[in-house]
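**Q** Residues per chain are reported as follows:
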Amino acid sequence: MPDRREFLKRAASVAALAAAGCGWDGGPLWPLLRAWDRPNEWLQKSLAPPGGPRARIEAPGSESAAFPQYYISPMMPRVDARIWRLEIGGMVARPLSLSLADLAAMPRVTLRLRHYCIEGWTAVASWTGVRVAEIARAAGADPAAGFVDFRSFDGGYWSSWDRQSALHPQSLIAIGMNGAWLTPGHGAPARLYSNLKYGYKSVKYLTGVRFVPERTGGYWEDKGYDWYASL
Amino acid sequence: MKRSVQSVDRPVRFEQPLLLRLTHWLNVVLLAGMIASGLQIYGAYPAFAERGADFCCWPLAGKRFPEAVRLGGWLAGGLKWHLFLMWGFVANGLVWLGWQIGSGEWRRRAFRPRDAREAWHMALWYARLRDRKPAYQVYNGLQKLAYTGTFALGVLAVATGFAIWKPVSLPLAEWMGGYVWARFWHFLIVWAFVGFTIGHLFMTLVVDREATRSMIVGAYRDPALEKPRAPAPSPPAGEGDARPA
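Read top to bottom, the protein sequences are chains A and B.
Quick note, this note's numbering runs 420 ahead of the 1-based positions in the first sequence.
Quick note, this note's numbering runs 81 ahead of the 1-based positions in the second sequence.
Just so you know, not all the hints are guaranteed correct.
[What the hints assert, rightly or not] FRET-style restraints, in silico, Cβ to Cβ:
# : chain 1 : residue 1 : chain 2 : residue 2 : range
1 : A       : Pro473    : B       : Arg209    : 41 to 51 Å
2 : B       : Met296    : A       : Ser493    : 30 to 40 Å
3 : B       : Ala134    : A       : Gly599    : 12 to 22 Å
4 : B       : Gly169    : A       : Ile492    : 26 to 36 Å
5 : B       : Gly133    : A       : Pro494    : 21 to 31 Å
6 : A       : Pro494    : B       : Leu286    : 51 to 61 Å
7 : A       : Pro469    : B       : Leu237    : 22 to 32 Å
No lab work stands behind these hints, which were simulated from the structure alone.
As the structure is a prediction and not an experimental result, all values here were calculated from the model.
Heads up, the beta-carbon is just placed ideally off N, CA and C, and yes, glycines get one too.
So here's chain B without its partners, still in its complex pose:
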């Protein structure tokens, strides 16, 4: 597991800034509300085909989602919630993006083409197809890919959402292959979010629990810093906590 191999050369010490933690947890609530109200809206016409036509690519047409995962009670309620939370979802994303750019943090968090190799090596390492863990600081390439990718997913969710909300006023739906396809893309993005969330929960609750802690309280305590492998000299009396500042 990561814990045993993280002994590596560069112990990580950093802190998740308050603004990042706030936008993260707000996003959890907003995204859950967007998805639940979206599934409610979907239930009004649980299919994609234009009337009198077939749609190739959705085998579960006609099936609705259980009441327990829907928000809004009926179509109008679902729409009201969706178009209310939408503002928060977009605003939260803009605050997050503004912070990334304003603070310069994007430099060590954003995925860039040159990170692809490291992301691949991390994936191999997690799959136990590679012995040596790539060395990295704060975020590895795979993390950068995941977090940058999920932001891109948010942008696509908003773009496809506006495409189907304003198919006559805006040319977006046309660019996405027409209204039927734009609606389908919007729907698929939900499952991409769900897939990301499952992977994200596994990584932060099972593989690196310190990441969960840092997303709540801020400071990331690297096990390598907390428990040095070499027998440590006895700490000075009093403050013996090696918690990174």
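Chain A with its partners taken away, still in its complex shape:
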């Protein structure tokens, strides 16, 4: 099975081919195809309101035997957890700078969820962490901030979410996976995790969470993946 890095390499070579005229991506129609994300976003929100109830908790013991690790940096990103901080900012009443211990001391939940990669594979894991909604409450996020921007130390990888999906009870800042602390391969010290959107929306190696008035795109989203990307 190809891993994500192999996929990246392939995507790059396919992009080169596309430039040469093969594997047509739509050429002059590409802007239209991208603009069509908006009707699709409307359809997705019609099928499931972003803040609505959507459990699909997996059965105990259904954790997958393998769970791909993925990052865009040339080497696995690592940080000393003792100096690491998660900065909560943007339109908030009380900007926070949280250590891993601070996060671990906040109310925690564990959810066993199926991970859906946009490539088409799935894997199940249980994730332990603090709800983004809990952090928004602690920081006093301004209700006028309609979007949440997630930054990382993985080569500038980032994504942004609509507020309702980010504050959904199934969206966590995860610090544990399958009963253990998060490992560097899966985004340690802390990562976003949710089963409401495709995997590329769940930013690993978090450094910052900002409540913002506008959507700020994302690493893959700016290349062409769907921004709303609801499951």
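Use these hints to put chain B onto chain A, whose structure you have.
**A** Chain B in isolation, oriented as in the chain A frame:
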């Protein structure tokens, strides 16, 4: 061949309405685009197994489809095309269905359980296991089965597609045995479409070429009407064309 036996009692005269012809040819384009972009999407993970597990039923895992039959250039391009053409595919199907119901044409085109016997007899006749061709008007049971079946296939394609597009928001994937299976059903439907198309092309390009013509210009000219077996009285001067109206 059909031409020689179609001498039968009831020569067929009818016309494919413009709306039906338009939706048919639009569907050719849309379905081709859906399949090509789907094969592009498939290439991002050309397998069905959940991570760390096996999948019983797809021996060609790991193999991608050639560039020439893919649309989109890469995964995001394939998805963009797929989710764009999807609207047209669904809308076209709804227009077609609305026309069938609104015009009442479904009565002589839709397959119903009582057509099963005739479909079977037609199949036997085509297989040369039956001497006498069943008598029918416009569409025989086998045609009704094929055309109604391919519409059902379209409905299943859309249902399985939504199942894997929204596996958390909608319960569809669960009903289909989970995401992995829903994705597999969606994939198999492609091959059912391809199988139908091969049979359809054979029937309309080899067996009954008038059907191809009628799907383009409308009027179906039954050979039995065009060339009566009995020596025909000489046509009146001028308009001698027996083209059915």
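**Q** A separate judgement is required for each hint: does it hold in the structure or not?
**A** Hints, verified against the model:
no., hint, in the structure
1, A:Pro473 x B:Arg209: 41 to 51 Å, "violated, 60 Å"
2, B:Met296 x A:Ser493: 30 to 40 Å, "violated, 56 Å"
3, B:Ala134 x A:Gly599: 12 to 22 Å, "holds, 20 Å"
4, B:Gly169 x A:Ile492: 26 to 36 Å, "holds, 35 Å"
5, B:Gly133 x A:Pro494: 21 to 31 Å, "holds, 26 Å"
6, A:Pro494 x B:Leu286: 51 to 61 Å, "holds, 55 Å"
7, A:Pro469 x B:Leu237: 22 to 32 Å, "holds, 27 Å"
Violated hints for the displayed structure, listed by number in ascending order: 1, 2.
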